[in-house]
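**Student:** Listed below, chain by chain, are the residues.
Protein chains: 2
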Amino acid sequence: MRTTSPNGPSRRVMLGALAALPTLPGLFGAAPARAQAVPLPSWNDGPAKQAILDFVRATTDAASPSFVPPEERIATFDQDGTLWVEQPMYTQLIYCLERVPAVVKARPELANVEPFKTVMSGNQQAIAMLSTHDLEEILAATLTGMSVDEFNAEVKKWLETAEHPRWKRPYTDLTYQPMQEVLVYLLANGYKNYIVTGGGQDFVRVYSQIVYGIPPEQVVGTAGGTKYGYDKDGKPFLTKEPKLLLNDNDAGKPEGIHMMIGRRPHAAFGNSTGDQQMLEYTKAGDGARLSMLVLHDDAKREYAYGPAQGLPDPKVGTFTQALYDEAKKQGWTVISMKDDWKRIFAFA
Amino acid sequence: MRTTSPNGPSRRVMLGALAALPTLPGLFGAAPARAQAVPLPSWNDGPAKQAILDFVRATTDAASPSFVPPEERIATFDQDGTLWVEQPMYTQLIYCLERVPAVVKARPELANVEPFKTVMSGNQQAIAMLSTHDLEEILAATLTGMSVDEFNAEVKKWLETAEHPRWKRPYTDLTYQPMQEVLVYLLANGYKNYIVTGGGQDFVRVYSQIVYGIPPEQVVGTAGGTKYGYDKDGKPFLTKEPKLLLNDNDAGKPEGIHMMIGRRPHAAFGNSTGDQQMLEYTKAGDGARLSMLVLHDDAKREYAYGPAQGLPDPKVGTFTQALYDEAKKQGWTVISMKDDWKRIFAFA
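Residue numbers (this note's numbering), protein chains in the order written: chain U, 55 to 402; chain A, 55 to 402.
In isolation and in its complexed conformation, chain U is listed as follows (with noise of 0.2 Å):
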């Protein structure tokens, strides 16, 4: 399935994995273990570790001279590429791009007009080559026009049976293994934990609960805005608009916190460009505070990207090596997957 492209690896496209993979029921059944007797069992013990541990220690100490009162803690999390994987491209555009054929069947006119046409020949070169522009329209065709109720629904059996191309298993069972280990060690520490993403606020509500123990209201995203009205019996419903009501990325990220939590987070973790604001406020707070960035250099067990120099970075969120220099400037952690993490995933 994979094809080298000018653009890299984040614009290959599995269409057509649905049709062959037989359904998951457990998927939604049961939630993330919980219990954790030692901290962070699966980070080796280095800078990294030691930084999460002593901000935690700092700021619920009630003799710390940075302690933070229970109500106060807000700890937030980019998703893609911070929580869980985002190669060879982010797991919502995967299904944007998977949704195509069925938006193209209800709506038999958009067969012949690009950039459905393409996405509709399957061929995976021409995909890659998708504008920025082009995906928008994908992203708007597959995301809106529908009911809330309908698009849970669909991103729910969509979640049951996708898979990734390289592991062979559901998106949802890629997420890294230390990584719900902080969000359990903060909890327990009477954190509360919120995704903040630039993937759409919706789309990851469907499963926060379930793959991350984060219930809906604790997801800020990409938001578009919906429309209240009435069906044929006079029931209320919310129809999702293609209105862009916060691009939870860069800046955006400060200001949907303020405007989803209406607090500043004491810790906060990302990977890429995008999170650069988010982590610059939340270090820009007083007492304790901790930010950290997940550098992916780890080509055997996950993927190399951004400053350690192995595929080039996904569309959505880069790490540069400026934001890597930016991090060390500002005294945010930097988590090195290869050095700190024991292992990536709980199934490996």
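No incorrect hints appear here.
Each pair may be met inside one copy or between any two copies, as identical chains are not told apart.
When the alpha-carbon atoms are kept at most 30 Å apart in a straight line, the in silico DSSO-like pairs for lysine-lysine are as follows:
(1) LYS210 / LYS337
(2) LYS281 / LYS211
(3) LYS211 / LYS297
(4) LYS159 / LYS211
(5) LYS297 / LYS281
(6) LYS289 / LYS337
These are computed hints drawn from the structure, not numbers from a lab. On a predicted model such as this, the values are computed, not experimentally measured, just so you know.
Following the hints, position chain A against chain U.
**Tutor:** Below, chain A without anything else, positioned relative to chain U:
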């Protein structure tokens, strides 16, 4: 201070109350009492109290066909007129009018520009005649253009000194004790309470925790954008912008609930046409749902307006006869302040 005008009491202004009053240092220290041996002690027995008790039993008894898992227990409350007094006008508007002198001091060129000139004149009759457009200009000038931290500090300071003209108490004392008991009762039964207000989200968030035990992240309101930037030392901060992101009234309430919470409430409480869609949307969900409307029919202990035929409706939100009829038709429960509430305020 009261002036009769064609626009009714909602436009009456209480400029100057600020300076004359002592500060109330206790305001931001204590949390509301939480213990409640018998549920809803300030409610008279009757259909309204019974509807709340029945709803909680139906949704929290694991043997009930309408059982709701704890993580899905969401209750939403309008604020002005539902949780606290909205006469002679809603509190945030009083704040904005009383902030005008400070704005004019900082920007002297506004002193001779309408509508600021009228507000500065202190002519209560003229102030009561200001148009909606004038008021919007006043809201923009007093709620935007400063940093989020500056705004929060200003509101907090104002609340410590401002007082209601009738009861001569801080506005934060004027919450309805029976509704405080509903908040406590639902919280004790696993519900997450949200304020969903047509008022300003940032304004209400300043005091929601201490007044209602509701943290800022559980306040949804009319919200403007913020802009991320840096001060002269390179420290990032957010500036409140005059750009409307969410008009949290009417259809904006269910739309805002979707944006900020992502779940349909199981219970909703309102008092005006601005709450109608929230009550409809809540009631339209599966299983047991509770939609309630507070009717202001107690001129002696509070106010009588709307179908109770007393004062005219306040400008923001109205309780019309049509809304009352809709409540009866849709199976929403109307709460009569006169008949259902033993007392209105904790202090009385």
